[in-house]
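Colleague: Chains as they are written, first to last, in this note's numbering: chain L, 1 to 113; chain P, 114 to 458.
Among the clues, some could well be false.
[Said to hold, decoys possible] Where chain L lies over chain P, by a calculated footprint (3+ residues, C-beta under 8 Å):
hint	segment
1	133-142
2	145-152
3	189-198
Treat the hints as calculated values from the structure; they're not laboratory data. Treat the numbers as computed from the prediction; the structure is a model and nothing was measured. Glycine residues also receive a C-beta, built at the ideal position from the N, C-alpha and C atoms.
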Amino acid sequence: MDKTSWDDWAAELRSGILPLAVLAQLEAPQYSASLIQVLEQRGLLLDPGALAPLLRRLEKQKLLTGKWDQTGNQPRKYYALSEAGVEALEQMNSDWQKVTQELQQLIEGDGSQ
Amino acid sequence: MNLIDRYINEVVRRLPAKEREDIGRELWSTMEDMLPAGYSEQEERQLLMKFGDPAVLAAKYRTQPKHFIGPRLFDLYLTLLKIIIPIVVTVVVVILIITTIFSSAGEASVVSVIVGLIGDAISAAIEVVVNVFFWITAVFVIIEWVDRTNREAGKPSIEFPEKEWTPDDLKANKDIPKRKAIPRSEPAFDLIWIAIWLSIYFNADKFVGIYEGGSNGIEMLTPVFNQSVLLSYWPLVLLVVILQVVMDIWKWMRRRWGIKLATFNLVVNALSVLTIILIFRNPEIFAAGFLAWLEDLFGSLSTMNWVVGGILIVIAFFAAIDTIVGFWKAAIREDASEKSWKREG
């Protein structure tokens with residue numbers, strides 16, 4: 001097995017599902033450092049630099065709302081799902097479920113073919 | 114100024130000015146949050162290593178990569194260059210030849226005119242290629258830039274009149290079999306060739322002659338042709354030229370031999386040869402001075418008839434070959450060179 005192409009695939013897979021992972025985490029507002037921590041712990045985020053541009057893109061697409069909170073000893077931007085974001089999350093989740101189910105059946109070879 | 118500030122400056126200076134403030138604040142807050150209170154420079158360095166090269170991070174903020182001419186436009190750009198450059202070069206060279214020959218007739222010797230013309234043609238062709246290339250590229254770069262700015266501002270991108278691709282397109286741009294194809298250069302050079310001959314025809318008495326080195330350079334002793342007799346054939350000559358030009362345009366557009374084109378070629382070739390024979394059968398076509406010079410040289414004019422007859426036969430022979438090759442290429446099947454991927458067994 002070619003080591004580098006394997007690594008690339010693993011990274012691409014994670015960056016492909018990252019929007020879903022982020023939206024799924026934001027039903028309650030969070031700031032980006034806490035998101036990074038959660039996603040990194042679960043091994044879903046290999047490159048912490050990828051998160052900030054993604055949050056910004058999702059905010060531009062109005063799937064997220066971002067609010068600066070000045071109350072702490074330093075300002076933090078809290079992100080939360082918008083209404084459109086809730087819809088997008090549902091859609092992405094059902095797509096994801098379908099893909100994983102079918103893929104699982106393919107891999108296990110349940111004899112349906 | 115600490116390392117994080119420097120790092121963020123490196124990122125945002127690569128981004129659009131109006132987004133720098135927001136992105137910088139977001140990055141700074143994120144990074145500060147990820148570090149323990151009262152962090153050391155060592156911890157700061159480790160964090161920056163995780164975020165990686167600032168240029169790479171900045172690139173992640175751009176949804177579309179920056180292109181000078183993007184992939185959507187590049188094909189169209191190449192196609193236009195390939196079509197426009199040969200047309201413009203041909204037109205410029207033809208115009209140059211006609212104007213040069215008409216304007217310099219009678220002034221200088223034929224050698225200096227031809228040498229000057231070749232030099233002018235080469236420099237005009239280069240100049241025109243550079244100009245066309247520059248302007249087409251400039252236009253496309255501007256279109257790309259406007260399109261990218263639009264997309265970044267969230268507006269829809271430029272629509273092209275292009276239709277969606279369908280399998281029918283495969284029938285339209287089939288590869289022309291090599292042996293059946295007419296390269297674009299063929300009608301292009303033919304047009305240049307026609308321009309040269311037509312210009313010479315109208316100025317034969319000034320260019321076609323017997324030359325001799327004299328006291329002030331090369332001088333014309335006598336013209337070969339009797340210009341007024343030669344010019345009396347102009348309606349026929351013009352007809353042949355028009356038919357030739359029509360055929361060249363046809364060749365340019367169709368880019369392959371077909372039975373209609375081959376038949377047209379037969380007509381044009383026959384008419385050309387007939388015109389040439391008709392002109393040279395006229396005993397008064399040659400200038401008296403030229404005939405006298407010949408008689409001086411050979412003692413009699415009998416060899417002259419043989420030479421003229423021989424030249425006419427050679428011309429007719431090549432016209433016949435050209436006609437036959439046209440029909441032969443027209444008979445080649447259109448799909449002869451189409452590669453089939455189907456394998457038996």
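Colleague: Compare the structure with each hint and give your call.
Modeller: Hints, one by one, checked against the model:
no., hint, verdict
1, 133-142, "holds (count 6)"
2, 145-152, "holds (count 3)"
3, 189-198, "violated (count 0)"
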